[in-house]
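Assemble the whole structure, with the sequences as input and the hints as a guide.
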Amino acid sequence: MSKKKLLVMGREVIKNQAKGPVTLHISERLEKHPPPEDIRTIPRIIEEKCIMCGTCVKVCPTHCLWMEKDDKDNGMIWLLRPQCMWCGHCQTYCPKDAIHIDREPSLSVSLFSFNVRQDYEMICAKGSFKGEKAEKKLAEVIEEGAKTIKEIEEFRS
Amino acid sequence: MAEDFRSRFRVLTDGSDTPLGADHHIFIGPQHPWAEEPAHFIIHLKGERVVEANIRIGFNLRGMEKAMEARTWRQNTMLIPRACGICSAVHQNVYVRLVERLAGIEDQVSERAKLIRMFSCEAERVHSHMLWYGILAHDAGFDTLFHVTWRDREIIMDIVEDISGNRVNPALMLIGGVKRDLPKEKADKARPMINDLIKQVEYHKKVFTEETSIVNRLENVGVLTKEDAKKVTPNGPTARGSGLPYDIRKTFPYELYDDIDWNVVYYTEGDVLATTLVRLDETLESLRMLNQILDRLETASGELLQRVKPRISEGKYMTRAEAPRGEDIHYGIANGTDKPERYKIRAPSLGNIDATLKRMDGEYIADMPVILRSYDPCFSCTNRVMIINQSTGEKKIMGQDEFARRAIKAKKYNRPFF
Amino acid sequence: MSDALNELENILNITIPKDLVEGVVKVEKGHFDVISPSEKAYDLMKILHDDAGIYHLSTISAYEKDDSFNVCYHIQHRIEEEVKEIPINFIVTKIDKDNPKTPSMIDFFVAADYYERECYDFYGIYFNDHPFMERLILPEKWPDDVRPMKKEYSWEQIREITLNLAKQISEDD
Numbered sequence: 001m002s003k004k005k006l007l008v009m010g011r012e013v014i015k016n017q018a019k020g021p022v023t024l025h026i027s028e029r030l031e032k033h034p035p036p037e038d039i040r041t042i043p044r045i046i047e048e049k050c051i052m053c054g055t056c057v058k059v060c061p062t063h064c065l066w067m068e069k070d071d072k073d074n075g076m077i078w079l080l081r082p083q084c085m086w087c088g089h090c091q092t093y094c095p096k097d098a099i100h101i102d103r104e105p106s107l108s109v110s111l112f113s114f115n116v117r118q119d120y121e122m123i124c125a126k127g128s129f130k131g132e133k134a135e136k137k138l139a140e141v142i143e144e145g146a147k148t149i150k151e152i153e154e155f156r157s
Numbered sequence: 001m002a003e004d005f006r007s008r009f010r011v012l013t014d015g016s017d018t019p020l021g022a023d024h025h026i027f028i029g030p031q032h033p034w035a036e037e038p039a040h041f042i043i044h045l046k047g048e049r050v051v052e053a054n055i056r057i058g059f060n061l062r063g064m065e066k067a068m069e070a071r072t073w074r075q076n077t078m079l080i081p082r083a084c085g086i087c088s089a090v091h092q093n094v095y096v097r098l099v100e101r102l103a104g105i106e107d108q109v110s111e112r113a114k115l116i117r118m119f120s121c122e123a124e125r126v127h128s129h130m131l132w133y134g135i136l137a138h139d140a141g142f143d144t145l146f147h148v149t150w151r152d153r154e155i156i157m158d159i160v161e162d163i164s165g166n167r168v169n170p171a172l173m174l175i176g177g178v179k180r181d182l183p184k185e186k187a188d189k190a191r192p193m194i195n196d197l198i199k200q201v202e203y204h205k206k207v208f209t210e211e212t213s214i215v216n217r218l219e220n221v222g223v224l225t226k227e228d229a230k231k232v233t234p235n236g237p238t239a240r241g242s243g244l245p246y247d248i249r250k251t252f253p254y255e256l257y258d259d260i261d262w263n264v265v266y267y268t269e270g271d272v273l274a275t276t277l278v279r280l281d282e283t284l285e286s287l288r289m290l291n292q293i294l295d296r297l298e299t300a301s302g303e304l305l306q307r308v309k310p311r312i313s314e315g316k317y318m319t320r321a322e323a324p325r326g327e328d329i330h331y332g333i334a335n336g337t338d339k340p341e342r343y344k345i346r347a348p349s350l351g352n353i354d355a356t357l358k359r360m361d362g363e364y365i366a367d368m369p370v371i372l373r374s375y376d377p378c379f380s381c382t383n384r385v386m387i388i389n390q391s392t393g394e395k396k397i398m399g400q401d402e403f404a405r406r407a408i409k410a411k412k413y414n415r416p417f418f
Numbered sequence: 001m002s003d004a005l006n007e008l009e010n011i012l013n014i015t016i017p018k019d020l021v022e023g024v025v026k027v028e029k030g031h032f033d034v035i036s037p038s039e040k041a042y043d044l045m046k047i048l049h050d051d052a053g054i055y056h057l058s059t060i061s062a063y064e065k066d067d068s069f070n071v072c073y074h075i076q077h078r079i080e081e082e083v084k085e086i087p088i089n090f091i092v093t094k095i096d097k098d099n100p101k102t103p104s105m106i107d108f109f110v111a112a113d114y115y116e117r118e119c120y121d122f123y124g125i126y127f128n129d130h131p132f133m134e135r136l137i138l139p140e141k142w143p144d145d146v147r148p149m150k151k152e153y154s155w156e157q158i159r160e161i162t163l164n165l166a167k168q169i170s171e172d173d
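Protein chains in written order, with the working numbering: chain R, 1 to 157; chain A, 1 to 418; chain X, 1 to 173.
Fair warning: there could be bad hints in the mix.
What the hints assert, rightly or not - Taking lysine to aspartate or glutamate and the EDC-like style, the derived pairs with C-alpha atoms no more than 20 Å apart in a straight line are:
#, chain 1, residue 1, chain 2, residue 2
1, R, K58, R, D71
2, R, K32, A, D152
3, A, K339, X, E152
Bear in mind the hints are in silico, worked out from the structure with no lab data behind them.
Pasting the structure below:
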């Protein structure tokens, strides 16, 4: 190898040493590259606007929204979070614009969390369903979910 | 004609049904380091040369067509992009155009909505092609190029993410229009990025045409002549590499493709290098189209979303679109209710298998990865009809927990999923 | 019908015998439905392939119509000078549901192989003279008499069959 080539190589090495690595650590990359503003996550309902028409439940492609109601002022809607695929159909077809899609990136986690308390969420409870009844239902749903999770864990061991 | 292409009509090698002269049989897949997705290739060899090749598919069935019959037209808008992992926007585009036609509102879709749909489709073509030629370089043993292309692919992924909120599945289209607007700020942000990417893709093209180590690997490998291509009916870039200049955006224009300025790319050599160059040139064309679309969006106006009733009147219609891999064709039959009577999807990969098997005849076994890659295999496209809908975790068919249980069992006891 | 038939004949530059065709529908500009009963479909396709020079088959879709099966061949007439395609939906009607048999078009299109086998898998339509009418997509141990895309099978039934199959296979192992 000639001296000239060695010199060229040496220069490149020193240059790269000074520049530092090209790849970024994941935390660094997140700082430099924040998630987009319009990121889609799970739906949120403004309770005052909701009329309990059930459109969101009907148009949901994955059946992740469930609903129980008496009339338009009394009812509740709960969400099975890991099943939601953030398509935003509920937002598009809501006749009262009561639903919007949350833009918190940390919520954009899907699939099994194996933590049922996180998986179910009461996103809207109105009138007489508010408070005790909603909490009871949520506890029921969580219990049901916990049973299946338990079965899976038993199966695993 | 069936006699000329007998290779497919073989059962499997228990020794009784081997082709004449073959002394070795190599099985690729369903699980293989080469393939990201499951398919089973059976390659009969004489020495180092391929005598015949065969394929078995059906390892990735999800039952989409049956699933669609159980859902409403509106719900299916979000199921249909899951037909394919990477060309999701074009499937959605075909679907919404089909439903709009059946509902009789295809004229009411505004220019702005159409332009945003086109933007989504073209951006997808860019990132799909870049992914493909990156992996091709990897298969050809040129990993540097693989890393370079995938690094540059992040630019277009960022644009898609910025306008839609998702990286790969933009899901922007709805029956009657689009979901969200493409405002001026985002267009201004995207324009310099697109111009950067054009320079990068030109550099990739330079590497693919001038770097001898990769040209030697692709040139005159797996030649598919025009006459053969007419018989085995490939579509998309595979056909355009063999001198069939058919691109549905030109031959049967949809959206506003006849309104903007672009060229069909085709090569006549028919080898793997030609299909690669078709894709490279198409990437450049698509990027230039993206710039044009952004320019037109500044003045284009109109309602983003038309109101469509959930019930679709009786009728049947066939729509096609040019997906990154080729011709995507859907056939839908409506029966007057809010659910489809029958919905048929044919994604491009299935149509290209014949051509790829034809390409293999008489080639070296060492060239197999490149030839198999040449049609951009996508097996979630190829087998999309069966019973279990795993992708959405749909409860009616198979609950999440059942799915998980089965998966765990399969893993634990080393058993097949079914 | 006759207007659409004449237009199609002009485009393809052939004459189609009236007795082979059940109907021609113009769907939109340059997009036709050609309907033909299953006994005469082979002869009509022969004319379209040999005389008009149609060589591209996009796909085949089968569906149920009342008490018969229909099979739709989506073929493209290509005009190379103008870079233009005329999509034609070639619909084969009147396939008996109890004994579904129809001529195979594999003599004209190699690509018909996969698509016809797919129809055979999902609907049980048997294509006469196909050299290798075997299962393409469904699992090997799938029961032969169950054709999952038929309307008579609901979601629940198919799910049950699948689970039974899975159980059976895991026990066999």
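These are the hints, each one checked on the structure:
Simply put, R:K58 and R:D71 have alpha-carbon atoms about 17 Å apart, close enough for the 20 Å limit, and the pair holds. The hinted pair formed by R:K32 and A:D152 meets the criterion: a straight-line CA distance of about 17 Å does not exceed 20 Å. With a C-alpha separation of about 16 Å, the suggested pairing of A:K339 with X:E152 holds against the 20 Å cut-off.
Against the hints set out earlier in the document, no violation occurs for any number.
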